Amino acid sequence: MMKLKLQQLTQNLKLSHSNLLVSSPHPVSNLRLLKFSEKFKLNNELEREYKNRIEYMQTLGHNFWYENNLKYQREKLEFEANILKQNREPNKDDYTIFYNNFLTSNAQSHKNFHISWVKECFKLIVPSLKFNLSRVYSAVVGENTNTSNNLNYFNSNN
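For the sequence shown, position 69 matches number 70 in our numbering, and the numbering has no gaps at all.
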């Protein structure tokens, strides 16, 4: 009897593959973007707050890495053009110097992004706890809240 109850509880908390899509890496930001399949069918405020926070963090990260990687690609092309003007091919040492200079000149923006990212991660803790504890409570009590019965990932070729 206890084993059956535990199996039912586990089943109620099991993550569904149909609620969260994970894309292939974005060609510029290189991030795998998440998409909630039933965005406008959120069943309760806790779920909505949790998903909105995740989507905001994803947008924050995607925008930063998109801009950073575009800047890197642009500066790398300029660097290679300057080396080619000297009638030679760039070598490993040239790329090492370029990459070191790029990281040094962008260290402050990377630091600022990291600080904002960590702050957003902490802001996600409360909505995540509320949402997941409500799911545990519903599973234990036996209520059917139908809160997307959870958020598992599956790969998509989007």
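Worth flagging that the hints you see were computed from the coordinates, not collected in a lab. Just so you know, these numbers come straight off a predicted model, no measurement behind them. Take the hints with a grain of salt, since some may be wrong.
To be verified - Below 25 Å or equal to it, Euclidean Cα-Cα: the simulated SDA-like pairs (lysine to any residue) are:
1. K124 to K86
2. K86 to Y67
3. K131 to L47
4. K131 to S117
5. K77 to V29
6. K72 to E90
7. K120 to L61
8. K112 to F37
9. K36 to I98
10. K93 to F114
11. K93 to G62
12. K36 to W66
Unchecked claim - Simulated restraints, written as ranges between beta carbons of each label pair:
13. E121 to V141: 25 to 33 Å
14. F123 to F103: 28 to 36 Å
15. V141 to S25: 47 to 55 Å
16. P28 to T97: 54 to 62 Å
17. E121 to K93: 20 to 28 Å
18. N107 to N133: 30 to 38 Å
For each residue, glycine too, the CB sits at the ideal point set by N, CA and C.
Status of the hints after comparison with the structure:
1. K124 to K86: Violated: K124 and K86 sit about 50 Å apart, past 25 Å.
2. K86 to Y67: violated, 29 Å
3. K131 to L47: Distance of about 7 Å is within 25 Å: holds.
4. K131 to S117: Answer holds: K131 to S117 is near 22 Å, not above 25 Å.
5. K77 to V29: Holds. K77 to V29 sits at ~14 Å (cutoff 25 Å).
6. K72 to E90: holds, 22 Å
7. K120 to L61: The given pair, whose Cα atoms are some 12 Å apart, holds under the 25 Å limit.
8. K112 to F37: Cα-Cα ~30 Å, so violated.
9. K36 to I98: Not satisfied, since the Cα-Cα distance of roughly 39 Å exceeds 25 Å.
10. K93 to F114: violated, 29 Å
11. K93 to G62: violated, 30 Å
12. K36 to W66: Measuring from Cα to Cα gives roughly 18 Å; hence the hint holds.
13. E121 to V141: 25 to 33 Å: holds, 30 Å
14. F123 to F103: 28 to 36 Å: For F103 against F123, whose Cβ atoms are near 29 Å apart, the range 28 to 36 Å holds.
15. V141 to S25: 47 to 55 Å: Once the Cβ atoms are compared, 38 Å apart, the range 47 to 55 Å for S25 and V141 is violated.
16. P28 to T97: 54 to 62 Å: At roughly 25 Å between Cβ atoms, T97 and P28 fall outside 54 to 62 Å, so the hint is violated.
17. E121 to K93: 20 to 28 Å: Given about 37 Å between the Cβ atoms, the range is violated.
18. N107 to N133: 30 to 38 Å: With Cβ atoms ~36 Å apart, the hint holds.
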